[in-house]
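Asks: Residue numbering for the sequence shown is 1 to 359, as defined by the UniProt record's numbering.
Check each hint, because a few of them may be wrong.
Stated by the list, open to error - Straight-line Cα separation of at most 30 Å, BS3-like style, residue types lysine-lysine; simulated pairs:
1) K205 / K224
2) K31 / K94
3) K76 / K64
4) K173 / K311
5) K205 / K14
6) K331 / K277
7) K24 / K76
8) K237 / K7
9) K237 / K224
10) K24 / K64
11) K224 / K277
12) K76 / K61
13) K311 / K76
14) K277 / K311
15) K322 / K231
16) K31 / K7
17) K322 / K7
18) K224 / K14
19) K94 / K237
20) K94 / K64
21) K202 / K224
22) K68 / K173
23) K339 / K224
24) K94 / K68
25) K31 / K14
26) K14 / K24
27) K173 / K205
28) K322 / K237
29) K202 / K76
30) K224 / K331
Said to hold, decoys possible - Just the calculated beta-carbon pair ranges, DEER-fashion:
31) P302 / R278: 22 to 32 Å
32) P58 / S9: 27 to 37 Å
33) K202 / G119: 21 to 31 Å
Hints in this document: simulated from the structure, not taken from any laboratory. Glycine included, C-beta positions come from ideal geometry on N, C-alpha and C.
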Amino acid sequence: MEQITVKASQSSYKVSVGAGIRHKLSEFLPKSYQNVFVVTDTSIAPHYLDDYVSSLLPDAKITKKIIKPGEAAKNKDVYFDILDSMFEAELDRKALVLALGGGVIGDLAGFVASTYMRGIDFVQLPTTILAHDSSVGGKVAINHETGKNLIGSFYPPVAVVYDVDTITTLPEKEVRSGYAELIKEAYIGNAGFLSQLLDREKLDKENEEQLVQDLSFGIRVKTKIVEADEKENDLRKFLNLGHTLGHAIEAEAGYGTFTHGEAVAIGMLFALELSEKRFGADLRLDEFRSWMERNNYPLQLPDLSADRLVKRMQMDKKSENKEVHMVLLRKIGDPVTEKVDHDTLYNAVTSFLERMRRA
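Let the hints inform the model, and build the full structure from the sequences given.
Replies: Here it is in structure tokens:
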């Protein structure tokens with residue numbers, strides 16, 4: 001098992017990564033809780049809900065809220081429905097929210113916890129590879145029809161308990177989704193880790209020792225950045241490599257057409273191409289594209305509008321006065337946020353879409 005401490009301004013918390021640790025959840029909590037509210041979804045509950053709940057104090061009052069899975073759940077209606085259930089359960093400010101699931105559950109339940117009675121404790125219990133990224137750093141949010149994660153706050157959990165056993169039941173597309181964020185962290189933070197990932201023939205969700213190592217590596221990269229810039233004023237923006245176009249594609253194609261990580265991987269391909277043109281850097285672009293092909297990432301896009309994608313990119317949280325600021329790489333491990341003017345961006349997106357339709 002690996003343990004990583006994340007130092008936040010409000011408090012520090014530990015991220016525990018290992019196999020079978022869901023059966024010892026109470027050992028990883030900072031204190032005892034008498035009233036616990038669990039948010040999970042219908043795809044996770046049958047597999048792991050009982051394991052986590054049975055590891056809590058026997059006299060704790062447990063309330064379970066099971067919602068439909070998927071990005072579409074991160075909306076205001078589900079948010080208020082969960083709040084209503086919390087009031088019905090008579091939770092007080094000493095209660096605990098458990099976010100059991102992937103990034104959607106973590107974002108949604110974390111935002112609920114951050115706003116219920118001005119904030120109560122919550123714990124991230126990630127069950128996907130992708131959630132290694134979203135469960136660390138305290139960013140919680142729901143979506144708005146205008147864009148992804150536009151309603152949210154910074155609210156760190158009191159603990160992250162990451163049982164890699166839960167990954168073995170993931171469909172392959174979710175494994176791809178998660179490893180897109182891991183390879184992003186490698187690109188911005190560690191050339192050696194990047195080489196390890198690119199040199200592998202295939203992703204392997206069954207190798208628990210490798211999963212613990214990979215996830216811990218990615219979490220350490222993110223932790224270093226988050227600790228230096230908790231509220232995304234500067235360095236933390238680097239974690240958005242690939243997300244500017246990725247979020248736009250995810251929304252424009254319709255949530256669920258691509259997984260978040262698949263869209264980010266496509267967005268990274270675009271950002272790396274733009275980086276090589278701007279800085280003349282060797283970013284192992286061909287190797288990255290081959291890695292995507294070997295692991296069945298989507299390399300063909302539907303007929304998307306370049307104009308609409310650019311408009312969505314202008315709504316990105318890094319943008320200022322509708323000027324798009326993208327994370328690019330001067331070299332591996334050296335990210336920078338660069339303003340990209342409208343004409344350059346439009347032409348680059350148009351050319352990229354043409355190539356991705358022919359891929």
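Asks: Decide, hint by hint, whether the structure agrees.
Replies: Results for each hint:
1. K205 / K224: 26 Å, holds
2. K31 / K94: Given pair K31, K94 holds - Cα atoms ~11 Å apart, limit 30 Å.
3. K76 / K64: Holds: K76 and K64 sit about 19 Å apart, inside 30 Å.
4. K173 / K311: Answer holds: K173 to K311 is near 28 Å, not above 30 Å.
5. K205 / K14: 24 Å, holds
6. K331 / K277: The given pair, whose Cα atoms are some 12 Å apart, holds under the 30 Å limit.
7. K24 / K76: 33 Å, violated
8. K237 / K7: It holds: about 18 Å lies between the C-alpha atoms, which stays within 30 Å.
9. K237 / K224: 13 Å, holds
10. K24 / K64: 19 Å, holds
11. K224 / K277: Cα-Cα ~29 Å, so holds.
12. K76 / K61: Within the cut-off at roughly 27 Å; holds.
13. K311 / K76: It holds: about 23 Å lies between the C-alpha atoms, which stays within 30 Å.
14. K277 / K311: Distance ~23 Å between K277 and K311 Cα, so the pair holds.
15. K322 / K231: Holds. K322 to K231 sits at ~21 Å (cutoff 30 Å).
16. K31 / K7: 18 Å, holds
17. K322 / K7: Violated, at about 33 Å.
18. K224 / K14: 14 Å, holds
19. K94 / K237: 33 Å, violated
20. K94 / K64: 17 Å, holds
21. K202 / K224: 28 Å, holds
22. K68 / K173: 18 Å, holds
23. K339 / K224: Holds: K339 and K224 sit about 25 Å apart, inside 30 Å.
24. K94 / K68: 27 Å, holds
25. K31 / K14: 13 Å, holds
26. K14 / K24: Holds - the C-alpha atoms of K24 and K14 are around 15 Å apart, at most 30 Å.
27. K173 / K205: The hint holds at about 11 Å.
28. K322 / K237: 17 Å, holds
29. K202 / K76: Not OK: K202 and K76 at ~39 Å, beyond 30 Å, violated.
30. K224 / K331: 19 Å, holds
31. P302 / R278: 22 to 32 Å: 28 Å, holds
32. P58 / S9: 27 to 37 Å: 35 Å, holds
33. K202 / G119: 21 to 31 Å: 43 Å, violated
Hint compliance for this structure: hints 7, 17, 19, 29 and 33 are not met, and every other hint is.
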